[in-house]
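As you go down the protein sequences, you meet chains A and B in turn.
Once you know that position 165 of the first sequence is 165 in this note's numbering, the rest is easy, because the numbers rise by one and skip nothing.
Going from the second sequence to this note's numbering is simple: count from 1 and add 249.
Everything labelled a hint here was simulated from the structure, so no lab data went into it.
Be careful, since some hints might not be right.
[Claimed, not checked] DSS-like mimics (lysine-lysine), calculated; alpha carbons at most 25 Å apart, straight line: (1) A/K42 <-> B/K363; (2) B/K363 <-> A/K246; (3) A/K248 <-> B/K363; (4) B/K366 <-> A/K193; (5) A/K233 <-> A/K13; (6) A/K193 <-> A/K133; (7) A/K42 <-> A/K246; (8) A/K234 <-> A/K212; (9) A/K212 <-> A/K42; (10) B/K363 <-> A/K37; (11) B/K337 <-> B/K316; (12) B/K440 <-> A/K248; (13) B/K453 <-> B/K322; (14) B/K322 <-> A/K246; (15) A/K193 <-> A/K248; (16) A/K42 <-> B/K444; (17) B/K363 <-> A/K212; (18) A/K37 <-> B/K444.
[To be verified] Calculated Cβ distances over 10 Å to all of chain B for the following chain A residues: (19) Y18; (20) G60; (21) L110; (22) Q144; (23) V155; (24) I185; (25) Q232; (26) G235.
Note that the Cβ used here is the ideal one computed from N, Cα and C, for glycine as well.
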Amino acid sequence: MSQVRIIPVLLLKNGGLYKTVRFKNARYVGDPINTVKIFNEKEADELVLLDFNASQEKRGPDFKKISEIAGEAFMPMGYGGGIRTLDDAKRVFDGGFEKVVLNSILFEDLSIIEQIGNIYGAQAVVASVDVKKSLFGKQKVYGQSGTRGSGLDPVEWVRQLEGAGAGEIFLNSIDRDGTWEGYDIDLVREVSKAVSLPVIACGGAGNIQDLKQAIHEGGASAVAAGSMFVYQKKGMGVLISFPAEKLKI
Amino acid sequence: MLAIINYGLGNLTSIQNMCRRIGVEAMITDDPVLIGKAERLILPGVGHFRKGMENLHASGLKPFLDKLVLEEKRPILGICLGAQLMTKHSEEGDVEGLGWVDANTIRFREEGLKGLKVPHMGWREIILQGSNPLWENLPAEPRFYFVHSYHFDFQRADEVAATAVYGAEFVCAFRKGNVYGTQFHPEKSHKFGMKVLENFSRIKAEP
Chain A
1 MSQVRIIPVL
11 LLKNGGLYKT
21 VRFKNARYVG
31 DPINTVKIFN
41 EKEADELVLL
51 DFNASQEKRG
61 PDFKKISEIA
71 GEAFMPMGYG
81 GGIRTLDDAK
91 RVFDGGFEKV
101 VLNSILFEDL
111 SIIEQIGNIY
121 GAQAVVASVD
131 VKKSLFGKQK
141 VYGQSGTRGS
151 GLDPVEWVRQ
161 LEGAGAGEIF
171 LNSIDRDGTW
181 EGYDIDLVRE
191 VSKAVSLPVI
201 ACGGAGNIQD
211 LKQAIHEGGA
221 SAVAAGSMFV
231 YQKKGMGVLI
241 SFPAEKLKI
Chain B
250 MLAIINYGLG
260 NLTSIQNMCR
270 RIGVEAMITD
280 DPVLIGKAER
290 LILPGVGHFR
300 KGMENLHASG
310 LKPFLDKLVL
320 EEKRPILGIC
330 LGAQLMTKHS
340 EEGDVEGLGW
350 VDANTIRFRE
360 EGLKGLKVPH
370 MGWREIILQG
380 SNPLWENLPA
390 EPRFYFVHSY
400 HFDFQRADEV
410 AATAVYGAEF
420 VCAFRKGNVY
430 GTQFHPEKSH
440 KFGMKVLENF
450 SRIKAEP
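All chains, full assembly: derive it from the sequences and hints.
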């Protein structure tokens, strides 16, 4: 039996935490430091912090702010948003993060995965893949916070990412983001089957049954969610929570 | 005072912050004078074994640390790569390590993994072996956070401080006199990690 990681995803914007619906309509949910402290108390398995508009706004990471946040976390933490070079990644690791999450840069330069992996190990390099249904009904990969279509098929793309040396795939369904409708299980299953890397499912989780479904039916190695851990319930106020139940495979 | 040795790799801030949280004064430094004055040392590290050894050689820290650890018996705790560097050799890059413990660092073997994925990443309950001041006041099978593709391979059971099972059982912590090492990350393991760092901060130098 192996314990499955449950990973709250925190979206950073102008120093505050926000939550989106289908990658849009960002709503303020609180202060990142306080939120991380609450997840410490609740002993969350791992956290992912994403400065979700960085690449779209052509910005790099806010190193000072994210280091402050990481310093409060007594659990493993990944950071993504605006990382474009090995030096960016180095500064993120130096800031106290265990993992870097790469997305937009990968469409231009896959070699950055290996550059980082050679120094920090492949396990520290998470390739983030944002997927939504295109106009023609096919699942496609999007970059720049879901605003730029790549035309790539998710399965082909994750195989390329695996070949390039990624340590994990962070798979996000844009269509399910913030909807509480459950994960896109077909997508999770296809991607998990396509690679031997751990796949973190994200997008749509509303309750613990959804998490279990992504693991048992989708074949995900870990499960991530935003809304479910920052809101009381759908359409209700902010309440930071984390399930007491441990999930096992 | 505790010195977190900065040789250019890894998660030093998180260790320092957890120390602060438990009331232990810790500094991050690559200065031999400050390291020499510290009562206890932490050798952290996340990354590639070869890079780790290269940095220890290039900074001139290696012979200095050899003297502090082997001759002066200064208590030292290696974490993750920092602990692997204390072994004699690693398959990661095929390079010689510090050789402070009688072990090698090897990659997870396919036959033992039974289909499990490498890197081994996530929380795992560990099995404490023998008595060890690091484990004081820990419950049976405490859980810790792991991220690694390589692990220690010991020939001698008396230096093994804990094991864990990932497909097969492997050594995840060791102790040889003043030299302690954990494959897992106490600084990222909530209350059990705090307990381990707190215990380490109380270990006295051997006469």
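- Query: Which of the numbered hints above does this structure break?
  - Reply: Result: hints 1, 10, 14 break, sorted rising.
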